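Produce the entire structure from the sequences given, and follow the hints as far as they go.
Spelled out from the first residue to the last, the chains are:
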Amino acid sequence: MRDGRTEGRMGGRMLRGGMRIVACGALFSALPTFRPSACALHAQALHVATDTFTLSNGLKVAVHEDHSAPLVAVNLWYHVGSGREVAGRSGFAHLFEHMMFQGSKDVEKGGHFGVVQEAGGTLNGSTNSDRTNYYEMVPSNYLEQVLWLEADRMGYLLDAFSQAKLDNQRDVVKNERRQNYENAPYGLASIRLGEMLYPESHPYHAPTIGYQADLTAASPEDVAGFFRQWYVPNNASLVIAGDVKPAEVRRLVTRYFGDIPAGQPAPAVKPIPVTLQADRRDVMEDRVTLARLSLVWPTVERWNADEDALDIFGSILGQGRSSRLYQRLVYREQTAQSASAGQGSRPQAGQFQVTVMAREGASLSQLEREVYEEIARLADEGPTAEEMARARNGNEARSVYQLQTLLGKADRINQYLTERGTPDMFNEELAHYAAVTPADVQRVARTYIRNHPHIILSVVPNGHRELAAQAPEVHP
Amino acid sequence: MTRRFLLAGLATCLAAVPLAGQRLDRSKRPMAAPAPAVVAPTIVKRTLPNGLQVWSVTRRELPIVNALLVIRAGSAQDGPVPGIADVTASLLDQGAGRRSALEFGNAVAFLGANLNASASDEQTQVSLVTLRKHADSAFALMSDMVVRPAFAAEELERERRSRLQALRSQKDRPTIIATQTFERLVYGADHPYGHPGNGTPGTIGKLARADVTGFYDSWYRPNNAILIVVGDASAAEAQSLARRAFGAWKSKPVPAAAAAVPARPASHATAVYLVDKPGAAQSEIRIGHPLVPRSTSPDYYALRVLNAALGGAFTSRVNLNIREAKGYTYGARTTMAFERGPGPFVASAGVFTAKTDSSLIEFMKEIRDIRGPRPITEAEAEFARASLIRAYPRALETNAGVAATLADLAFFHLPDSELTGYLTRLAQVKPADVTRVADKYLAPDSSVIVVVGDLAKIRPGIEALHLGPLTVLDADGLAAR
Chain C
121 MRDGRTEGRM GGRMLRGGMR IVACGALFSA LPTFRPSACA LHAQALHVAT DTFTLSNGLK
181 VAVHEDHSAP LVAVNLWYHV GSGREVAGRS GFAHLFEHMM FQGSKDVEKG GHFGVVQEAG
241 GTLNGSTNSD RTNYYEMVPS NYLEQVLWLE ADRMGYLLDA FSQAKLDNQR DVVKNERRQN
301 YENAPYGLAS IRLGEMLYPE SHPYHAPTIG YQADLTAASP EDVAGFFRQW YVPNNASLVI
361 AGDVKPAEVR RLVTRYFGDI PAGQPAPAVK PIPVTLQADR RDVMEDRVTL ARLSLVWPTV
421 ERWNADEDAL DIFGSILGQG RSSRLYQRLV YREQTAQSAS AGQGSRPQAG QFQVTVMARE
481 GASLSQLERE VYEEIARLAD EGPTAEEMAR ARNGNEARSV YQLQTLLGKA DRINQYLTER
541 GTPDMFNEEL AHYAAVTPAD VQRVARTYIR NHPHIILSVV PNGHRELAAQ APEVHP
Chain D
4 MTRRFLLAGL ATCLAAVPLA GQRLDRSKRP MAAPAPAVVA PTIVKRTLPN GLQVWSVTRR
64 ELPIVNALLV IRAGSAQDGP VPGIADVTAS LLDQGAGRRS ALEFGNAVAF LGANLNASAS
124 DEQTQVSLVT LRKHADSAFA LMSDMVVRPA FAAEELERER RSRLQALRSQ KDRPTIIATQ
184 TFERLVYGAD HPYGHPGNGT PGTIGKLARA DVTGFYDSWY RPNNAILIVV GDASAAEAQS
244 LARRAFGAWK SKPVPAAAAA VPARPASHAT AVYLVDKPGA AQSEIRIGHP LVPRSTSPDY
304 YALRVLNAAL GGAFTSRVNL NIREAKGYTY GARTTMAFER GPGPFVASAG VFTAKTDSSL
364 IEFMKEIRDI RGPRPITEAE AEFARASLIR AYPRALETNA GVAATLADLA FFHLPDSELT
424 GYLTRLAQVK PADVTRVADK YLAPDSSVIV VVGDLAKIRP GIEALHLGPL TVLDADGLAA
484 R
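Chains as they are written, first to last, in this note's numbering: chain C, 121 to 596; chain D, 4 to 484.
For the record, the hints were derived by calculation from the structure and aren't laboratory data. Errors might be hidden in some of the hints.
To be verified - In silico contact screen, one side only, chain D against chain C (beta carbon under 10 Å); selected entries:
#	residue
1	Arg29
2	Ser172
3	Glu327
Source: prediction; values computed, not measured. Using N, Cα and C, we set each Cβ at its ideal position, and we do this for glycine too.
Written out as structure tokens, the structure reads:
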């Protein structure tokens with residue numbers, strides 16, 4: 121079945137907000153049932169059109185026009201995360217993020233939520249090791265109100281600061297830590313993995329949520345110092361995506377952000393690779409029923425040439441029901457409740473992680489051995505053509521699916537702008553991924569994973585340390 | 004044909020626009036520009052000869068097609084086998100058509116499609132997201148799943164073993180214990196809403212293949228379902244995809260008695276139930292009772308405004324109090340579940356162990372206050388109405404959002420005019436209406452209160468509140484200890 125349109129010719133059609141997709145081959149195959157065919161595998165070209173400019177105070181701005189819905193997304197990144205915290209103040213970047221919602225000179229406490237929710241919008245912020253983002257999505261006629269809110273807290277947060285606000289949000293964040301880490305099964309293990317893999321001096325050693333004692337120690341002076349050092353326009357980037365006109369956005373952004381003074385330039389961020397000289401093994405007890413094994417290898421940072429090959433290695437090894445670990449451990453042997461693997465890349469370092477949740481009665485040591493066997497088999501024999509196609513097709517589909525929401529698009533544009541200095545890397549990323557060969561997958565498996573020192577962390581039910589994975593006599 | 008309307012009469016006049024060249028006065032919140040026109044989706048409706056309703060909406064922004072099949076049966080239809088609706092949904096893709104379980108998973112992954120089935124209280128949903136170029140193949144897989152599932156004995160056994168482990172390990176999560184205990188106590192274990200949708204160790208352990216095929220045979224019928232197709236497909240393409248995928252599906256009347264609307268359970272004076280979680284850093288709180296059915300209540304719109312003001316948003320009373328003023332929690336909320344029968348009203352939060360009793364005091368105070376002592380103000384009502392009405396374009400941003408909105412319309416047999424009519428009806432809700440429905444439906448004196456936390460630390464404080472008779476339950480939240 122075909123329709124009468126002309127996708128795939130004339131250089132593609134214009135899609136949502138100037139995004140161009142060049143599709144190839146028959147979009148509707150006439151086959152009644154699924155049959156893999158070479159035609160179905162052709163990659164698409166994705167471009168997301170964006171205007172960029174920089175204010176005289178250094179604020180970088182990108183505007184993406186998309187009139188398919190009467191909405192606008194505003195996405196503001198400050199280039200500071202928990203990686204830039206000082207000793208004894210873990211968790212501060214995130215606590216500070218909470219303070220940004222406590223009002224500023226011209227916005228009352230709770231006013232950010234009030235303005236955006238009254239507009240029918242949604243908003244939030246998030247902090248990770250590398251950046252803090254703030255975002256809103258509102259009907260497009262509320263753009264000016266959102267820019268007013270964001271500019272007020274970028275320029276005048278401290279005018280409205282109080283000790284009471286800090287104490288309140290300190291309590292809220294401590295409860296966030298209790299809810300998501302201390303009271304959640306396996307919650308503290310994710311913190312332990314970071315501590316084991318990264319040395320104390322590394323930006324990724326401490327968890328973004330922080331330690332309770334450090335949260336207690338945070339002072340009003342910390343808030344003021346952090347704001348003046350990092351929350352300056354020349355350490356931020358702003359993306360506006362949606363039902364807007366670029367010239368009008370430029371006028372409004374200049375109006376609200378233009379007179380906020382620049383601060384000291386932030387030092388550039390460079391990758392800090394980590395290596396392990398030998399395996400590191402540890403055991404944690406938790407209020408859990410099922411024992412869990414985590415294996416973590418230091419690998420490569422975001423944008424490293426080997427990132428995509430490692431991603432495909434992880435996808436074939438342990439993502440979804442078609443992966444090797446699922447099919448062997450969960451489906452055939454039924455010794456695991458779940459199994460997953462994947463490459464996680466951050467700007468300053470990356471890691472490859474395998475997580476296996478054991479069934480009761482199954483041996484973590486045995487599961488660990490079997491994971492090594494599957495890693496060795498994939499590294500030695502390489503992926504099949506079908507496995508490569510699944511990984512590529514899945515990535516191609518996700519690349520298009522991620523464009524469905526303005527907030528998702530805006531955040532990705534901001535990531536590209538921040539990390540690569542250019543807003544539209546959509547097609548480059550897709551093309552780089554599609555170019556990975558089976559030999560690349562084998563090579564990265566041998567270079568970073570197979571026979572390389574790594575972290576082995578067992579989480580076992582309280583009082584059952586004997587269930588932990590034991591070191592094998594011969595290293596795989 | 005496209006219907007356009009304006010979110011009229013809602014623009015709050017805030018401040019004058021500064022004149023060009025004037026120095027920026029940041030103390031004044033800028034005025035919103037006039038509201039843009041909102042386009043309601045145009046729905047094309049057809050019915051296949053076997054009775055399957057097919058609704059489609061064409062959206063050309065991205066080369067993506069979504070399909071959502073809603074079957075009118077969920078855990079409320081579990082009957083004597085709690086969990087059977089969910090187990091049946093889980094098994095649909097574990098071998099179907101000519102493919103084994105592993106082959107099926109590989110085929111879905113090859114397309115980069117998302118194809119999932121799940122059961123909730125009153126519905127089973129099978130949802131598909133695919134690139135347009137793979138739509139034919141993806142619909143064929145969805146068809147196999149729904150029309151030709153294998154339900155192989157071997158796969159049932161695998162599912163049974165996996166589920167028993169999942170049921171054991173979910174007890175590690177205080178949030179799940181709290182919610183399941185709450186639902187059982189509010190409705191009673193034999194009520195359609197009273198049992199856990201994912202089953203119990205007792206019933207899953209004894210599950211037979213006939214239970215699964217029996218549930219499937221009774222409920223998975225085209226005359227008991229609706230298919231919604233949204234995205235990069237014309238109405239003709241959507242109909243053609245639907246016809247080829249589901250045209251051969253055989254119809255059969257569904258069991259009338261089991262399809263009846265669930266009744267209202269008996270109400271009891273407020274009582275407190277505690278589940279011990281030694282060493283827990285937080286206490287999980289659930290407070291509530293049955294509410295009213297979605298379709299039969301003329302008070303639906305006032306209840307929506309009530310919930311938005313009381314606990315449905317960050318800016319609502321309970322969150323501003325318990326999180327933003329007191330700092331006892333990372334988030335406190337209320338929810339109202341609107342079902343065919345009386346779904347629950349629930350106030351909930353995870354709170355710092357040492358502030359468990361204080362949090363209960365604040366929750367009960369907020370629920371009582373909004374019924375009369377501190378009624379909703381005109382400003383609160385205006386804020387809540389505006390936030391709900393202006394959220395409309397956001398709900399329709401994606402194919403999935405449109406499909407979910409249409410599914411709601413179809414499931415409750417609401418007219419298309421409701422798509423925009425509900426905005427008008429929300430706009431008409433007055434503060435007095437909100438106070439009236441708060442007084443009528445919120446029942447702080449007939450509530451179930453469940454707290455899962457460190458018993459030794461929280462019990463004395465809760466007892467001192469005298470909220471009602473107190474029962475300590477076992478670790479599963481089932482029997483009195």
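Against the structure, the hints:
1. Arg29: 5 Å, holds
2. Ser172: 4 Å, holds
3. Glu327: Holds, because the Cβ-Cβ distance from Glu327 (chain D) to chain C comes to roughly 6 Å (cut-off 10 Å).
Every hint from the earlier list agrees with this structure, and none is contradicted.
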